[in-house]
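Undergrad: Take a look at the letters that make up each chain.
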Amino acid sequence: MIEFEDITKVYADGTEAIDGINFTVEEGTTTVLVGPSGCGKTTSMKLVNRLEEPTEGTVYVNGTDNQELDKIDLRRGIGYVIQEIGLFDHLTVGENIATVPELVGWDQSRIDDRVDELLELMDLSPEYRDQYPRELSGGQRQRIGVARALAADPDILLMDEPFGALDPITRENLQDEFLQIQDRINTTILFVTHSIDEALKMGDRIAIFDVGEVVQYDTPAEILSNPKNEFVENFIGENQTFKQLSITPVREVMDDPQAYESAESEVAPAADGGEYYSISPDSSLQVGLTRLLSIEHTTLPVVDGGEVVGFLTEDHVRSYFDSAGEP
Amino acid sequence: MAGVISTSLSGIRYLLDNLPEFWQLLAEHLVLVVASEIIAISIAVPLGVIAARHEKLKSPILSVGNVAQTVPPLAIIALMFPILGLGFLPSFVALFIYALLPVLVNTITGLESVDEGTIDAAKGMGMTQNERLTRIRFPLALPIIFAGIRTSTVINVGTAYLAFFIGGGGLGAWVISGINLFNMPQVFAGAISGAVLAISLDLLLAAVESRLGNSGPASAQVAA
Chain A
2 MIEFEDITKV
12 YADGTEAIDG
22 INFTVEEGTT
32 TVLVGPSGCG
42 KTTSMKLVNR
52 LEEPTEGTVY
62 VNGTDNQELD
72 KIDLRRGIGY
82 VIQEIGLFDH
92 LTVGENIATV
102 PELVGWDQSR
112 IDDRVDELLE
122 LMDLSPEYRD
132 QYPRELSGGQ
142 RQRIGVARAL
152 AADPDILLMD
162 EPFGALDPIT
172 RENLQDEFLQ
182 IQDRINTTIL
192 FVTHSIDEAL
202 KMGDRIAIFD
212 VGEVVQYDTP
222 AEILSNPKNE
232 FVENFIGENQ
242 TFKQLSITPV
252 REVMDDPQAY
262 ESAESEVAPA
272 ADGGEYYSIS
282 PDSSLQVGLT
292 RLLSIEHTTL
302 PVVDGGEVVG
312 FLTEDHVRSY
322 FDSAGEP
Chain B
4 MAGVISTSLS
14 GIRYLLDNLP
24 EFWQLLAEHL
34 VLVVASEIIA
44 ISIAVPLGVI
54 AARHEKLKSP
64 ILSVGNVAQT
74 VPPLAIIALM
84 FPILGLGFLP
94 SFVALFIYAL
104 LPVLVNTITG
114 LESVDEGTID
124 AAKGMGMTQN
134 ERLTRIRFPL
144 ALPIIFAGIR
154 TSTVINVGTA
164 YLAFFIGGGG
174 LGAWVISGIN
184 LFNMPQVFAG
194 AISGAVLAIS
204 LDLLLAAVES
214 RLGNSGPASA
224 QVAA
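As you go down the protein sequences, you meet chains A and B in turn.
This note's numbering puts the first sequence at residues 2 to 328.
This note's numbering puts the second sequence at residues 4 to 227.
Chain A with its partners taken away, still in its complex shape (with noise of 0.2 Å):
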């Protein structure tokens, strides 16, 4: 857990980079720090690891201040993701991730198994492990610059735009993957980000931040429903029913399976002729619509672990909106 309180930081220049902020990351979960260039986002990441020290008030990390921590300690216990990712580049993929176990002392044999676990989680090959990080591609070296930052096992995860420098296409499959692995691991992640739709997809709560002050705290769904004022609202920005079909998972929309079987002749069959028309309950509503769309027949069987356990049409999505109070 990590709670900000009255946090005010000024530079030696006079600038006034953090003003007064105040929030709790819950253990467990991502928050995704947002705002346009110089807004303090980045400094507030910093002051968790102390690589910026507050002027004013007081950073707790795990219900300590921080101030009382030993701050070689303090950072060897936090995982850190930069956009440069910060490779060592005279080190191998396996040397590079085992960079923190190293420097706390693990004996060799468990850091051999953690780097192969690591490689693992990140679905990189073994090979890996005794190449150099400039034979390999941006998406590789991103996924070694978080593996490196798991290795010591941290509670804590500062993640500081760990996509920004690659490719859309790599860096939507990175997220998609760093999803999955988020719900594997039980770590605190303090994201930081400028784009509000990675925001919004990699977010459990979103603290958006306008020149040194958090102008709202909230979940996704949340921020996008009931946007406090107009900064926020021009963040956003257009398309927002798009952004909130993107981010509602298809779970809180469907109906239970017992209508399900009431309105059977409307149901796309789950399995018609090899085709396959379902959809996960953990899929977006963005997804379930355009499946929708593609197909011939008005409701989507939700199909989990082979068994439906309800489904979608166009009506739910329209009406859920509806209830929703949709801006």
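In silico BS3-like cross-links for lysine-lysine, where the CA-CA straight-line distance does not exceed 30 Å:
| id | chain 1 | residue 1 | chain 2 | residue 2 |
| --- | --- | --- | --- | --- |
| 1 | A | LYS47 | A | LYS72 |
| 2 | A | LYS229 | A | LYS202 |
| 3 | B | LYS61 | A | LYS72 |
| 4 | B | LYS61 | A | LYS47 |
| 5 | B | LYS59 | A | LYS72 |
| 6 | A | LYS47 | A | LYS202 |
| 7 | A | LYS229 | A | LYS47 |
| 8 | A | LYS244 | A | LYS229 |
| 9 | A | LYS202 | A | LYS244 |
| 10 | B | LYS59 | A | LYS47 |
Residues of chain A placed beyond 10 Å of chain B at every Cβ, according to the derived structure:
| id | residue |
| --- | --- |
| 11 | THR9 |
| 12 | ALA13 |
| 13 | TYR61 |
| 14 | ASP114 |
| 15 | ARG115 |
| 16 | ASP154 |
| 17 | TYR218 |
| 18 | ASP219 |
| 19 | GLU223 |
| 20 | PRO258 |
| 21 | SER279 |
| 22 | VAL304 |
| 23 | TYR321 |
Hints are computed from structural coordinates only; laboratory data are not their basis.
Glycine included, every Cβ here is placed at the ideal spot set by N, Cα and C.
The hints should help you fit chain B onto chain A, whose structure is shown.
TA: Just chain B now, with coordinates in the frame of chain A:
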């Protein structure tokens, strides 16, 4: 052209006819170069590390070094004579001063050229300043530092000819007395062997560098 070839051939013949003397001069030359170079490296590299760490020291060190480099080598050699007299020691000191700067400049540049993102990552992962230096900055700067060492060594081989003026010996004995006596085969014999020596030392250092660059952990590279 034909003249050059025949002079070169006569130079090689001169060398073969005077092999015992050649070996002695070569040995003197090599000792001067290697000794002054090793001392220069062992002072310039730590000095560069200190300078790169302290912004205030950096520019005075670099400007003193640059000024020193503009003094012609012959002048430094000549200056050593009234201070240290004749023989090996003044020659060695002069060569050492001259060899220092390329190594120093490249150490500073090399350490500073390391990508800031890399350093930021190392810092964020909890490396102390010394760990960042020995595990990250220094190994990454090594190719540039080595380039400085190679340049300095090659220049040093050339400068060491002048040691003959103050009794430091070396291949300068053949070249300088050869010029005075207009004995071209002797000049060529001294000059060609110096060139071969410079190229050999450069290749040797390149080999050392490539072995260091691909071997094991960063700490081993620093220790070497």
